[in-house]
Amino acid sequence: MEQQELNNIVEAALLAAQQPLTLPMLAALFQEADEVSHDAIARAIEELTEACEGRSIELVEVASGFRYQVRESVHPWIARLWAERQTKYSRALLETLALIAYRQPITRGEIEQVRGVTVATSIMHTLEEREWIRIVGYRDVPGKPALFGTTRQFLDYFNLKSLDQLPTLAEIRDIADPDPQLALAPDTDDAPALPADPVHHNAGAVPDASTDTTRTPEDVA
Amino acid sequence: MEQQELNNIVEAALLAAQQPLTLPMLAALFQEADEVSHDAIARAIEELTEACEGRSIELVEVASGFRYQVRESVHPWIARLWAERQTKYSRALLETLALIAYRQPITRGEIEQVRGVTVATSIMHTLEEREWIRIVGYRDVPGKPALFGTTRQFLDYFNLKSLDQLPTLAEIRDIADPDPQLALAPDTDDAPALPADPVHHNAGAVPDASTDTTRTPEDVA
Amino acid sequence: MSTEPQPTEAASVATALSHGVEAPRQTEMPLAVVHGQPLLQIPQDLYIPPDALEVILEAFEGPLDLLLYLIRRQNLDILDIPVAEITRQYMDYIEVMHEMRLELAAEYLVMAAILAEIKSRLLLPRPPEEEGIEEDPRAELVRRLQEYERFKKAAEDIDALPRLERDIDVTQVFVPDRKVVRLPPPVDLREMLLALRDVLRRAELSGHHEVEREPLSVRQRMGEVLRKLGDGAFHRFEALFDASEGKLGVVVTFLSLLELAKDSLIEIMQEAPLAAIYLKARAIAEVTD
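Residue numbers (my numbering), protein chains in the order written: chain D, -8 to 212; chain G, -8 to 212; chain E, 555 to 843.
Hints are not guaranteed to be accurate.
[Said to hold, decoys possible] Here are the computed lysine-lysine pairs in the DSS-like style, where the Cα-Cα straight-line distance is at most 25 Å:
#1 K782/E to K152/D
#2 K801/E to K816/E
#3 K782/E to K801/E
#4 K782/E to K834/E
#5 K816/E to K834/E
#6 K816/E to K135/D
#7 K782/E to K816/E
#8 K135/D to K801/E
#9 K135/D to K834/E
#10 K152/G to K79/G
#11 K152/G to K801/E
#12 K152/D to K801/E
#13 K834/E to K801/E
#14 K79/G to K707/E
[To be verified] Pair ranges (Cβ atoms, derived):
#15 D25/D to R76/G: 18 to 24 Å
#16 E38/G to V132/D: 35 to 41 Å
#17 D817/E to S153/D: 32 to 38 Å
Don't read these hints as lab results, they were simulated from the structure.
No residue lacks a Cβ here, since even glycine has one placed at the ideal position from N, Cα and C.
Modelling step: build the complete structure from the supplied sequences, incorporating the hints.
So, in structure tokens, the structure goes:
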């Protein structure tokens, strides 16, 4: 057997095996007629290892044999294959976000004044981490509290060109409850087709694909 | 992100994922800052497909997305990794599967009518366990029998992208009849035999399909 | 189901058959067609060694399959089946199956009855005026046979498709340190608006702090201006405007400056009449971190 053909088969075997393969295990794939020496297999491993240079997978030897694995450097991307969706945001967070959107620039104290309750630091952190709000300035009062405003990412997420596209406060007062008993129903499915994403709370990035035909990249945005 | 780096990540993701990945699923691996367009991902798939030329693995598209797989030609070697594997299925199972694939949505009773024998419950169980078939609705007749259809896993397993790729169903010839007016079957199939054969021959026994509570065709695709 | 064999029993019967041991006559079989014929003869056109018979019979997927086998084996045209002959052969098989005590599915007997009925209809003379109108009695059977045959073929085709495990293997490379990424939850804009509505209602109830309607683009611009002034330095009034935004953009910026001034967020300075106007944020971050 040609070295190139051998390399191909060894590569395929290592990629298909669910576990590391030793040289004897690899040798066992071939029959006498294949005329494959142990040296040739060792050479295949060597050449395949080299062929991984500049790629995101590598051929490594671990205790139980050789295996292909994903390089550490691309984990941030690959890990998203198994990403999990967090559960929904709290009502407090949504209220805070809405007040910042409509009353910016606004301080945390002012938000608390309208809401009538304190705003947890974690809420502000979450909104900042998601890059939906940012500090736009400081108010010239004792303590110099930060003034918050929304960001371009906020507009992008909700598919808005500018804040003007949000309904006016007067219109908001008229939003009908789907069910008056449940002012903030967990799932307002009958909502007008607003930009927000259609979907999957708690879903992994790659959940049961068989039943899921609606997955779009926005889901993970 | 450079095309080469993108190719690398897509390659690693496809190799690491336990199931085929769609373009949107691949896109979901990247964040906005990565600046990866859908076109670039499609191009990565293209280039990676080409890079498989002359190798023992190939990048193919099946019903639920793209996957790397070992070429059929080297399977004999790779198969030695697994001493024993159940890869044979009985004729009864295959015939039942064929009827569901080509005639979906179909009830068990309708399958039995064509095959002329009862369908063992164990066969239906096996097909459901393998997730090749599933209940897609119920026929609106007494007893509300379940209607079965095939799944994406069925297509994936048989290396198919869609039901269209199933081998063509043989045509039925007409019995020579002295009076063409009273030809044997008024609904004889001289239409090109499409996979999801829409014509019900024993129209008497098969109730009007419009009463089915079936799912949409996409579900079955 | 039908032809599930009882291995040991069937095998012993098969052996008995091959040794030519006479089996008991079937008398309970209600089908006259077969009665009267020497029973134990293995059908003459069965060119199969007797011990293989069991395997063959087991291999039939039902009466349609058996009939198809009989037709195909003799290269007969399915559209023109010699019913009498096929019926005789079919009954022979049924007999053998019975002899071997293979569990005979009811479907096989039903088919025997159907065949017998077709045969009798073909034999009966038809009144001349009905000639040509009556459907060929074989038609329904032929249709079923053809229908079954196409799916039998389809099953073979599916079996021939390359498939996972048997012909194809999928790849699976190792991912060291597979940690789970937690993605932020999706937010529905409507949910946010409903949240705001509820705050507003509460705020109205408690009386203080009326939130009035205003153009949101001004609010947005206020933030943008503040950020520009975030360095704490004086900025020229004109520098805050972007002519490319047009008249409306200029108005929005101007309104935002007025709002900011009213809200004591910026200082506006002019040294002398008609001199340049400068603006500055009233407060900036205490320490840069």
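Now the hints, each set against the structure:
1. Restraint check for K782/E and K152/D: satisfied, since their Cα atoms lie roughly 21 Å apart, inside the 25 Å limit.
2. About 22 Å separates the Cα atoms of K801/E and K816/E, which keeps this hinted pair within 25 Å; it holds.
3. A C-alpha spacing of about 21 Å is found between K782/E and K801/E, which places the hinted pair at or below 25 Å, so the restraint holds.
4. Between K782/E and K834/E the CA atoms are separated by roughly 9 Å; this keeps the pair inside 25 Å, and the hint holds.
5. Annotation: proposed proximity of K816/E to K834/E holds, straight-line Cα distance about 14 Å (limit 25 Å).
6. Proximity of K816/E to K135/D is assessed by CA-CA distance (about 17 Å); at most 25 Å being required, the pair is judged to hold.
7. Pair hint K782/E plus K816/E holds up; C-alpha atoms about 18 Å apart against a cutoff of 25 Å.
8. Proposed proximity of K135/D and K801/E is contradicted: the alpha carbons are some 34 Å apart, above 25 Å.
9. For a cut-off of 25 Å, the pair hint linking K135/D to K834/E stands: about 15 Å separates their Cα positions.
10. Pair hint K152/G plus K79/G holds up; C-alpha atoms about 22 Å apart against a cutoff of 25 Å.
11. Of the pairs offered as hints, the one joining K152/G and K801/E is violated, with about 55 Å between alpha carbons and a cut-off of 25 Å exceeded.
12. With a C-alpha separation of about 18 Å, the suggested pair K152/D and K801/E falls inside the 25 Å cut-off, and the hint holds.
13. Pair hint K834/E plus K801/E holds up; C-alpha atoms about 24 Å apart against a cutoff of 25 Å.
14. Straight-line distance between C-alpha atoms of K79/G and K707/E comes to about 17 Å, which keeps the hinted pair within the 25 Å bound.
15. Between D25/D and R76/G the beta carbons are some 22 Å apart, a value that agrees with the proposed interval 18 to 24 Å.
16. Between E38/G and V132/D the CB atoms are about 59 Å apart, so this pair departs from the stated range of 35 to 41 Å.
17. For the hinted restraint 32 to 38 Å between D817/E and S153/D, the CB-CB distance of approximately 21 Å leaves it violated.
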